Amino acid sequence: MSRSQRPLSPHLQVYRPQITSALSILFRIAGVATSLGIFLMVWWLVAGATGAEYYNTFSEILGSAIGRLVLFGWTLALVYHLCNGVRHLFWDAGKGLALESIQPTAIMVIVSSVALTLGLWILAYSTGGL
Amino acid sequence: MSMRSHLGRVKGLGSAREGTSHWWSMRVSSVALVPLTLWFVFSVASMAGASHAEFVAWVQNPVVAGLLILFILVGLKHSREGLQVVFEDYLHADSVKIPVMMLSSGAHMVAAVVCVLSVLMILFKG
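One line per chain: the protein sequences are A and B, in this order.
Residue numbering for the first sequence follows the working numbering, beginning at 46 and increasing consecutively.
Residue numbering for the second sequence follows the working numbering, beginning at 96 and increasing consecutively.
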């Protein structure tokens, strides 16, 4: 039997986008974005080890409008990956897989990611530094 | 005819090689990262705008330095293994996939060593 005659799994394009599938691919995208953002953590620690002068330069770059935007994006990606990761851990334990719990937990993940991200940024601004 | 059992022949071969251990390793690191990440993001957010002296004093707390090193090592392990799955899913030609995965692993190792050394330098030198 040639390869082309085998039954194919359904193509992704024929499905209407749903919250479950959107969160699923976003989980992976957020994971990759979080990985890329590790560069910022390396830079931060190296700047701290280098000395006060370079640390100040680093703080100025990250404190700029673009720096804050990148940092906000990284926070959101990290927090979303964390929240949906907890959802995945429950799935791995065999819990919450039924259709009636998939939808509510998806909304819980969205709400908690946004709340946690905003909470962190409110905390950052209220400490006076930013 | 082989005298070995079917299980004995497939163990350590093909798709039975290391899928389970990779999967399990990612679950363990993700469980560890839940508290570590929460600690990290809240600490960093409350340190926003801190001066270099304040940052150094924070890292020099042994609990902070220890948690930072753990976060770095577990986080980078999770990142390396997670990206490996992404590369395996989307890069099909070995001529691309293998160099990319080597480069990614190398970058993660460099990041891990550099981060840990930075924390230790701050801890012992200030």
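In case anyone wonders, no lab produced these hints; they're calculated from the structure.
Source: prediction; values computed, not measured.
Think of the CB as a built atom: it goes at the ideal place given N, C-alpha and C, for glycine as much as any other residue.
Certain hints may be false.
Which stretches of chain B does chain A cover? Using the computed rule of at least three CB atoms under 8 angstroms from a CB of chain A, they are [claimed, not checked]:
(1) 124–138
(2) 204–218
To be clear about the criterion: a stretch of chain A counts as covered by chain B if any three or more of its residues have a C-beta under 8 angstroms from a C-beta of chain B, and this derived list gives those stretches [claimed, not checked]:
(3) 83–92
(4) 100–107
(5) 137–151
Status of the hints after comparison with the structure:
Requiring three or more residues with a Cβ within less than 8 angstroms of a Cβ of chain A, the coverage given for the segment 124–138 of chain B holds, as 8 such residues are present. Coverage of the segment 204–218 of chain B by chain A holds. Counting CB-CB distances below 8 angstroms, 8 residues qualify, and the rule asks for three or more. Proximity of the segment 83–92 of chain A to chain B, defined as three or more residues with a beta carbon under 8 angstroms from a beta carbon of that chain, is established by the 6 residues found. Only residues whose C-beta sits within less than 8 angstroms of a C-beta in chain B count toward coverage, and the segment 100–107 of chain A has 3 of them, enough to reach three; the restraint holds.
Check on the segment 137–151 of chain A: 1 of its residues sit with their Cβ under 8 angstroms from a Cβ of chain B, so the three-residue criterion for coverage is violated.
Checked against the numbered hints above, the structure breaks only hint 5 and satisfies the rest.
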